[in-house]
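Letter by letter, the chains look like this.
Number of protein chains: 2
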Amino acid sequence: MEEMKKGLEGVVALDTRISFIDGAKGILKYRGINIEELTDLPYDTVSYLLINGKLPNELELIEYSQRIREDRCVNAKLLEMLKNIYFGEEALDGLRTAVSLISHFDYENDDHSSNANKNKAIRLVAKFPTIVAALNSCYEGHEYIEPHSDLSHGGNFLYMLKGCIPTELEAEALEKDLILSAEHELNPSTFSLRIAASTRSDPYSAIICGLCTLKGNLHGGARKGVMEMLDEIRKPENIKGYVADKFEKREKIMGFGHRVYKTWDPRARLYKQVAKKLALEKGDRYLFDMAEELEKVLYYEFVEKRGKAIYPNVDFYSAVVYKYLDIPSELATSIFAMGRVSGWIAHCMEQYSENKVIRPRAHFV
Amino acid sequence: MEEMKKGLEGVVALDTRISFIDGAKGILKYRGINIEELTDLPYDTVSYLLINGKLPNELELIEYSQRIREDRCVNAKLLEMLKNIYFGEEALDGLRTAVSLISHFDYENDDHSSNANKNKAIRLVAKFPTIVAALNSCYEGHEYIEPHSDLSHGGNFLYMLKGCIPTELEAEALEKDLILSAEHELNPSTFSLRIAASTRSDPYSAIICGLCTLKGNLHGGARKGVMEMLDEIRKPENIKGYVADKFEKREKIMGFGHRVYKTWDPRARLYKQVAKKLALEKGDRYLFDMAEELEKVLYYEFVEKRGKAIYPNVDFYSAVVYKYLDIPSELATSIFAMGRVSGWIAHCMEQYSENKVIRPRAHFV
Chain A
454 MEEMKKGLEG
464 VVALDTRISF
474 IDGAKGILKY
484 RGINIEELTD
494 LPYDTVSYLL
504 INGKLPNELE
514 LIEYSQRIRE
524 DRCVNAKLLE
534 MLKNIYFGEE
544 ALDGLRTAVS
554 LISHFDYEND
564 DHSSNANKNK
574 AIRLVAKFPT
584 IVAALNSCYE
594 GHEYIEPHSD
604 LSHGGNFLYM
614 LKGCIPTELE
624 AEALEKDLIL
634 SAEHELNPST
644 FSLRIAASTR
654 SDPYSAIICG
664 LCTLKGNLHG
674 GARKGVMEML
684 DEIRKPENIK
694 GYVADKFEKR
704 EKIMGFGHRV
714 YKTWDPRARL
724 YKQVAKKLAL
734 EKGDRYLFDM
744 AEELEKVLYY
754 EFVEKRGKAI
764 YPNVDFYSAV
774 VYKYLDIPSE
784 LATSIFAMGR
794 VSGWIAHCME
804 QYSENKVIRP
814 RAHFV
Chain B
454 MEEMKKGLEG
464 VVALDTRISF
474 IDGAKGILKY
484 RGINIEELTD
494 LPYDTVSYLL
504 INGKLPNELE
514 LIEYSQRIRE
524 DRCVNAKLLE
534 MLKNIYFGEE
544 ALDGLRTAVS
554 LISHFDYEND
564 DHSSNANKNK
574 AIRLVAKFPT
584 IVAALNSCYE
594 GHEYIEPHSD
604 LSHGGNFLYM
614 LKGCIPTELE
624 AEALEKDLIL
634 SAEHELNPST
644 FSLRIAASTR
654 SDPYSAIICG
664 LCTLKGNLHG
674 GARKGVMEML
684 DEIRKPENIK
694 GYVADKFEKR
704 EKIMGFGHRV
714 YKTWDPRARL
724 YKQVAKKLAL
734 EKGDRYLFDM
744 AEELEKVLYY
754 EFVEKRGKAI
764 YPNVDFYSAV
774 VYKYLDIPSE
784 LATSIFAMGR
794 VSGWIAHCME
804 QYSENKVIRP
814 RAHFV
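Going down the list, the protein sequences come from chains A and B. Under the numbering used here, the first residue of the first sequence is numbered 454, with each subsequent residue one higher. Under the numbering used here, the first residue of the second sequence is numbered 454, with each subsequent residue one higher.
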């Protein structure tokens, strides 16, 4: 046996055709296409790209979007059951339960053909936003709002969440958010999902594995953490004290630094643009300016105290975007999952098709 | 970045104090104690050992057992919800949903202190058998049977499953089964659970991750596969044809061979003893003899055709034991999980206490 690599840092666990990261140069590609070229497309296009390995032509996109829109509804019995799901600080707990429940209503649950597996997966892409909105309506005691088939994936989610049609920019912001959240190589949730798939577990179980792992605040849960941090800081004049206090306690500051990126995460840059646009449209730069100020303070603190820069990661400006969209922090991780599910599905299918059980060893001490 | 090790075979992913395997010599130890020395103890003792790192003294065992017995009940609302959980070929799907539901009823769900985490975990050890029996009673349309607080962990499960007190040997067989299933280093389900825990996800989510991964038929689901294989073979005279057919199609034979063990898996040997005892008590050696015949045929076929021996793994004689205990094959993976949950909890706690996010890389092709 070999030397132990804590956290498997730098260890190459598998080959993939799905995404590529160059952490030194700040490059992220989905299926060979730079992330910057993808964010102006509809989420449906990027979801299709990830799952099918190529961009859809016009007809394929129409068909795929149509299918997702038709599958947005969840059945009445499931909705009734969701009313009994009280989540506390994390709607993701409810999403995890709901996905598990959906499998029991799925007539194809025990059909393990690749066609049936793909059907299940695409139904989940379609239903995730409906479930998250429904969980939120139970939580807040509002009436459940049916999906709106004329709206985009992101726009429809905001509509179900708020009960009114979002502005064009708001819908666009959420579409971009879902695209930027859709895929990121062997992040922990994707890796645990691939382990489940490697034992030939079913797509529902694999995706639930992904959800369970995304929840942690060192992963998808960090976005919620950033929202809470921004609430805690409250005013730009509190930033320096907040940062000094964190340094003193040797605690991490949420939303900064990434194991893979040693420069700007390209997603963070794109999120920053979206956040700025929203700030301008809403005529309220206060939050954006505060976030940017925190970014600068941290950059110089790190350069001075540690001799190296630190950059915002994907969770930092995405949290700012969510705050401009008036999204409750309890939903942040679930919305991340709404985007990520397409990448998870791609990895699940790739694992099925080139399978070897993922089973490392431990060293007994 | 380094060379890729497919399936992370032979890669050491972390240090552990929980179990030790020597695959060449066929040795398995839980917390430094040989598995052979543990199978005559009650499951509660081994569960305590795994979770707390040491054997309980008399008083500690009484307290732990008492606590588990008190926590066996599940609340009425949950039981009502379980009636809506229709599982098909895998009760584990229902167990996965039920564990997720339980978190919503747990007043400590959002308390992330290590004390609260341990409470949640121990409640799951206690409730797993009740949930599996309840799911089975819904499935078979029987009345739900309340847990019996005078019976051992394994004995009580058989009681809830059948509605009558099991014989001493039957209860003992299930106790041993749960012990032999309790822990096995970085198997895929434990590994995916540790990834979830490494992101600081909660114990419910981590254990659900374990369940989702255990389900696959290249992992915990193999036990069910062996039961189905024995049904398919049906008669000893069909063995040679069955084996020849599998060789010809280059298909795996369920219940044989293991990535880590290159000799007898010590658990398989112990399961074989249990199976034989049950065969003798029940005065029905037919199934046991057929299983042993399959073992022999395969051994010689492998030596002859591949130049190396093959041995039964943990799933082979455990499936025979389940058949003697008249356990429906749909429950096999869930019963595996009833045992494994103690090991999962130990790994979850160990990951929390010495954490680094588990995040390898992929190689883009």
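It cannot be assumed that every hint is accurate.
Heads up, the list lumps identical chains together, so a pair's fine if it works in one copy or across two of them.
Listed below are the simulated EDC-like cross-link pairs for lysine to aspartate or glutamate, each with C-alpha atoms no more than 20 Å apart in a straight line [to be verified]:
id: 1; residue 1: K761; residue 2: E593
id: 2; residue 1: K458; residue 2: D468
id: 3; residue 1: K573; residue 2: E542
id: 4; residue 1: K458; residue 2: D559
id: 5; residue 1: K730; residue 2: D698
id: 6; residue 1: K730; residue 2: E704
id: 7; residue 1: K482; residue 2: E754
id: 8; residue 1: K571; residue 2: E754
id: 9; residue 1: K715; residue 2: E511
id: 10; residue 1: K693; residue 2: E593
id: 11; residue 1: K459; residue 2: E807
id: 12; residue 1: K705; residue 2: E807
id: 13; residue 1: K735; residue 2: E704
id: 14; residue 1: K615; residue 2: E490
id: 15; residue 1: K693; residue 2: E704
id: 16; residue 1: K459; residue 2: E803
id: 17; residue 1: K458; residue 2: E803
id: 18; residue 1: K735; residue 2: D564
id: 19; residue 1: K482; residue 2: D564
id: 20; residue 1: K482; residue 2: E523
id: 21; residue 1: K571; residue 2: E701
Hints listed in this document are in silico derivations from the structure and should not be mistaken for laboratory results. The model shown is predicted, which means the values in this text are computed figures rather than measured ones.
Against the structure, the hints:
no., hint, in the structure
1, K761 <-> E593, "neither (44 Å within a copy, 64 Å between copies)"
2, K458 <-> D468, "both (19 Å within a copy, 10 Å between copies)"
3, K573 <-> E542, "between (28 Å within a copy, 17 Å between copies)"
4, K458 <-> D559, "neither (41 Å within a copy, 36 Å between copies)"
5, K730 <-> D698, "neither (32 Å within a copy, 65 Å between copies)"
6, K730 <-> E704, "neither (32 Å within a copy, 57 Å between copies)"
7, K482 <-> E754, "neither (31 Å within a copy, 49 Å between copies)"
8, K571 <-> E754, "neither (48 Å within a copy, 39 Å between copies)"
9, K715 <-> E511, "neither (38 Å within a copy, 54 Å between copies)"
10, K693 <-> E593, "neither (35 Å within a copy, 64 Å between copies)"
11, K459 <-> E807, "between (26 Å within a copy, 10 Å between copies)"
12, K705 <-> E807, "between (38 Å within a copy, 16 Å between copies)"
13, K735 <-> E704, "neither (34 Å within a copy, 62 Å between copies)"
14, K615 <-> E490, "neither (30 Å within a copy, 61 Å between copies)"
15, K693 <-> E704, "within (15 Å within a copy, 64 Å between copies)"
16, K459 <-> E803, "between (26 Å within a copy, 14 Å between copies)"
17, K458 <-> E803, "between (25 Å within a copy, 17 Å between copies)"
18, K735 <-> D564, "neither (49 Å within a copy, 37 Å between copies)"
19, K482 <-> D564, "neither (33 Å within a copy, 38 Å between copies)"
20, K482 <-> E523, "neither (30 Å within a copy, 53 Å between copies)"
21, K571 <-> E701, "neither (50 Å within a copy, 30 Å between copies)"
The structure fails hints 1, 4, 5, 6, 7, 8, 9, 10, 13, 14, 18, 19, 20 and 21 (numbered hints given earlier, in ascending order).
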